[in-house]
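Novice: So you can see what is in the structure, the chains are spelled out below.
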Amino acid sequence: MSTLLKRLPRTVHSNRWLVYGSITLVMLASMLYASLNALIVDIGASKSQFERESQVESATFLPQKPFADLYAFESDHGFVIERRREVDAALDGGLTLRVFERTTHVNIPVITAGRDVQADDEMLLGQTVATALKVPLGTTMTLLGRSFTVVGFAAVPDYMYPIRTTDDAGIILDPKAFGIAVITAAAMDGSASKALATWHVRTVDGTTAAARQALAETVGLTYWQDITANPRYTLATAKIEGATSVSTSMPLVILLLTSLLLAAAQGRIVRMQRAQLGTLKAMGYSTRELVLQELALPTLIALSGSVLGVLSSILTMRPMLSFMGSYFSVPLYVTTVPWSAALVGIVAPVFFVVPAVALVAARLLGQAPVKLMQMTALSSRPGLLERSLHLTRGSFQNRFALRAAVRGLTRLTLLMLGAMLAGYLLLFGGAMRDSMDTLVRGAFQDTRYNYTYMLTAPRLENPWGGEALTIVPFTTSDGQLTFQVIGLPVTSTLLVPRDSEGQAIPIDRVIITRALAQKLDLQAGDTWTVQQSATGQEVTLTVDAVAEMYTTAGVIMPQEHLNSILGMSRGSFNALLSTTSLQVPAQDVLMTLSMAQSRAAFDSAIEPLWVGLGTVAIAAVFIALMALSVVTTLTVEEERVTISLLKVVGYHAEELNRMVLGSGIVAVAAGFVLSIPLLLTSLGKLLTRTTSSISFSLPVRLSPLSIVVCAVIMLATYLVSLRAARRKVLGVQMAVSLKAARE
Amino acid sequence: MVIELNKAGRRYHMGQGEFWALKDVTLSIPEGQLVTILGPSGSGKSTLLNIMGGIDHADAGTVRVAGVDLTHASERDLTQFRRDTVGFVFQFFNLIPNLTVHENVEVTANIAKKPLPIDEVLQAVTLSPMADRFPSELSGGEQQRVSLARAVVKNPALLLADEPTGSLDFVTSRDILRLLVQINETYRTTVVLVTHNAAIADMTDRVIRLRSGEVEEDRLVGRLIKAEEVTW
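Protein sequences, first through last, are from chains A and B.
Going by this note's numbering, the first sequence opens with residue 1002, and the numbers climb by one from there.
Going by this note's numbering, the second sequence opens with residue 205, and the numbers climb by one from there.
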């Protein structure tokens, strides 16, 4: 081993705070990067495999008449078609299970644990509900008046995101209140009278236009939904894609910021050793040899931090993956950290830090040895900015602190970067909470009803009460987005759209929700053409107003206007809104949505979000502490002579702390403030991309309260790091200045 | 001749202006000579020494040491020159704080062409018992002896010492001076010693006195006294 390399373990020991802090920082950043990337790659790969194995449908439809010869139709067109019956079963504790019969050709349940159903008293339980309610295999459950034994857990591809309904606040997942179950076809026969039968077609290439046309010509269609318009599928896809954006861009930004911070800190350490380097150069060491020596410590830090980070990601990704796997009902086929993520996680810090430090060292060592040896202190010669600073007012301590700040601008920039990094993470948590809050409050504030009943067919008479309305799915002319058009009575009191100032918008015009306006970039006065989903009928609409509703991409217009567009009779309706439960016969109801369930679902959904945000906040505080610790340690190291001299003169540690480190608060505040626009911009882009293919928008909100809370956490973190730095200031010996004076 | 300077000069920029720290210095030093460069603070002593050692450059004239033209040498050639030819002893030792005494010497031995045995050199400067200590555990005199050992271990043709006794007490200083003479005599190393202490001059072969960057006096002394007899 080279003699100079023997310095390495001793340097590590004597600068352990700095070294271990830096290693931890790199480890956290690499761990975050590798585990989140692994999560996304694995869940994506699992989803693809799941879709292949389960033969996911291309579309769901309801025929107007039975097939004359289904087998012949399938052979002629190359489609696979299967009917599937489903029925909702209410269980104790507010749990509803949507029970499917076991299919064999399309949407085949994939067993995630246990085994498939073999007998008629056996059932498969949905993976999400089984996880949420901790139901073990072998449990006996009573469904539809019969007893079933849970012999396996399963996932069904068109219920990848298992939600009860696909309207409004029903998009929120509540696995404790809703799940799926699978029983044999024979077992379903016993409940056939209550069951709803839907048909599912799988085409060879996944496209549906030909299938839709062929089916419409052969059996007629009363209902058609592409899988790409099914929120139970698209929400999973969109959330995974959204998570992909978050999981690749955010940790990469953190990894880059960390590398930058580390490179800058290590570069300064190299500069602090200039006298030593000058001596070695005078003794005959070449610039190349010395640069290589100086790279040992940053390489050690970057490499050990990143390797530890990637190794720990193997541990952290498994619980994260299990959580994702239970959140989306996707069997986990792949649970490894991909080589690419591991490689980037390990290489990136080394790749950024080592060349940066090499550049600093090479530039420094380009100077003559005598010059290197003459400059023992970094700040020995005031820079232009400091020289132009003519301070006459204020106390000496404040003037000193200001001078120290100007002299240490690079250091303050480092501190600002660290604060930006931590502020970004903290505010990310706050913004997600505020955005969800705005979304849901918006969803509930316009609604005065508690129940929505979707009827199986249009009606003219309403013997059940409530507010009768017409709801029909439409798609954009390019087929990319499906949304609902709601025909509302002009006198409606149960659904009141409001404008951005909170004023009720009269129901005598075409109103679009904010979610739709954002997705299609529409505003009042715009005209655009849409297609009725089931029939393909084209309609041109002009937007009169925009309602502040984010949960549904939809259109609200007078009911009679919609009925006339659809060619439906005057007074016709296919849905009911009600404040109380209505006695509508089950065979007439396509689906029921309870707002109470939606609210409960939201509360249930928000709970893990809080846990997630808390975790992010803790990680942010830790990263901030590490970053601040690295920078304050550097500051104390670089200002040792000054600190020592001021101690000799008689300054107290508290005064020195304030003078040397006090200006850091400005950098921390600046970093935090800068992280706000950075976050809002990146989050805005992220959420727009995430929700582009689904029916709702997530508004980007960051409340003053969140900013204040995050600022307080940030300040507290800074004060803690200052407290720790105080010990370092106290540790500086007075003899340092005396020795330095001789150098 | 080991060292030949012809009208060598060194210029420094100070704010808007410039000044010559060394002006028209012409001298030659033969192999094996023990030379003292004397002069008050700011006279250019250290600058001259640094230029001779290739750790600083001349802005005017020519400098040739051990056959190497330092005035026109590339960075690579200068490094090789310092590695093969020169040993430095600094006033404040410039030891590497996180290497032991042995390792501080080893650092130079590692890159030398024909290094002397480290243990032998440590023995010569009476530091063998302290080989495993770190610089912070040594006195000033002991640290300067490590510095001396570090310079000598590569058996250089030229040993340059900048105020080697400047931060040492009288007794320790004499010890260091004795070692310098011993090295000069044992290895026939050319030794150039910078000092502002005129008392040291009498123990060397020759005195070059500088004033305001110019050679004021250059005379042979002929080692009038022994190192042990130096007093001030």
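Hints were generated in silico from the structure; no laboratory data involved.
Check before you lean on any hint, since a few could be wrong.
[Said to hold, decoys possible] Pairs of lysine to aspartate or glutamate residues, derived as EDC-like cross-links and limited to a Cα-Cα distance of at most 16 Å, are as follows:
no., chain 1, residue 1, chain 2, residue 2
1, B, 227, B, 373
2, A, 1686, A, 1242
3, B, 211, B, 288
4, A, 1372, B, 310
5, B, 317, B, 288
6, A, 1007, B, 324
7, A, 1007, B, 263
8, A, 1066, A, 1290
9, B, 211, B, 235
[As the list claims (entries may be wrong)] Examples of chain B residues lying across from chain A (beta carbon under 7 Å, computed):
no., residue
10, 215
11, 216
12, 218
13, 220
14, 222
15, 237
16, 283
17, 286
18, 302
19, 312
20, 315
21, 334
22, 342
23, 346
Ideal Cβ positions, reconstructed from N, Cα and C, are used throughout, including at glycine.
Novice: Confirm or reject each hint.
Specialist: Evaluation of the provided hints:
1. As the CA atoms of residue 227 of chain B and residue 373 of chain B are separated by approximately 33 Å, the hinted pair breaks the 16 Å bound.
2. As the CA atoms of residue 1686 of chain A and residue 1242 of chain A are separated by approximately 13 Å, the hinted pair is consistent with the 16 Å bound.
3. Note on residue 211 of chain B and residue 288 of chain B: the hinted pairing is violated, with a Cα-Cα distance of about 26 Å set against a maximum of 16 Å.
4. A threshold of 16 Å between alpha carbons decides the hint, and for residue 1372 of chain A with residue 310 of chain B the separation of about 24 Å lies outside it, so the pair is violated.
5. For the given pair, residue 317 of chain B sits about 7 Å from residue 288 of chain B by alpha-carbon distance, which is consistent with the 16 Å threshold.
6. Of the supplied pair hints, the one linking residue 1007 of chain A and residue 324 of chain B is violated, its CA atoms being roughly 22 Å apart against a limit of 16 Å.
7. The straight-line distance between the Cα atoms of residue 1007 of chain A and residue 263 of chain B is roughly 38 Å, outside the 16 Å bound, and the hint therefore fails.
8. The suggested pairing of residue 1066 of chain A with residue 1290 of chain A is violated, with an alpha-carbon distance near 85 Å, which exceeds 16 Å.
9. The straight-line distance between the Cα atoms of residue 211 of chain B and residue 235 of chain B is roughly 21 Å, outside the 16 Å bound, and the hint therefore fails.
10. Because the smallest distance between the Cβ of residue 215 of chain B and any Cβ of chain A comes to about 14 Å, over 7 Å, the interface hint for this residue is violated.
11. Below 7 Å, beta-carbon pairs count as interface contacts, and residue 216 of chain B has none with chain A, the closest being about 11 Å; its hint is therefore violated.
12. At its closest, the beta carbon of residue 218 of chain B sits 12 Å from a beta carbon of chain A; the interface hint therefore is violated under the 7 Å criterion.
13. About 13 Å separates the beta-carbon of residue 220 of chain B from the nearest beta-carbon of chain A, more than 7 Å, and the hint is not met.
14. At about 16 Å, the closest approach between the beta carbon of residue 222 of chain B and any beta carbon in chain A exceeds 7 Å, and the interface hint on this residue is violated.
15. The interface hint given for residue 237 of chain B is broken, as the beta carbon of that residue sits about 22 Å from the closest beta carbon of chain A, more than 7 Å.
16. Contact between residue 283 of chain B and chain A, as hinted, is supported at the beta carbon level, the nearest pair being about 5 Å apart and thus within 7 Å.
17. Restraint check, residue 286 of chain B versus chain A: the minimum CB separation of about 4 Å is within 7 Å; hint holds.
18. Annotation: interface hint on residue 302 of chain B holds; nearest CB of chain A at approximately 4 Å, less than 7 Å.
19. Taken as an interface hint, residue 312 of chain B checks out: its beta carbon lies about 5 Å from the nearest beta carbon of chain A, inside 7 Å.
20. At about 5 Å, the closest approach between the beta carbon of residue 315 of chain B and any beta carbon in chain A falls short of 7 Å, and the interface hint on this residue holds.
21. This hint is violated: residue 334 of chain B has a C-beta 17 Å from the nearest C-beta of chain A, more than the 7 Å allowed.
22. A cut of 7 Å between beta carbons decides the hint on residue 342 of chain B: the least distance to chain A is about 13 Å, and the hint is violated.
23. Hint status for residue 346 of chain B: violated, given a least beta-carbon distance of 16 Å to chain A, over 7 Å.
Of the numbered hints given earlier, the model fails hints 1, 3, 4, 6, 7, 8, 9, 10, 11, 12, 13, 14, 15, 21, 22, 23; all others are met.
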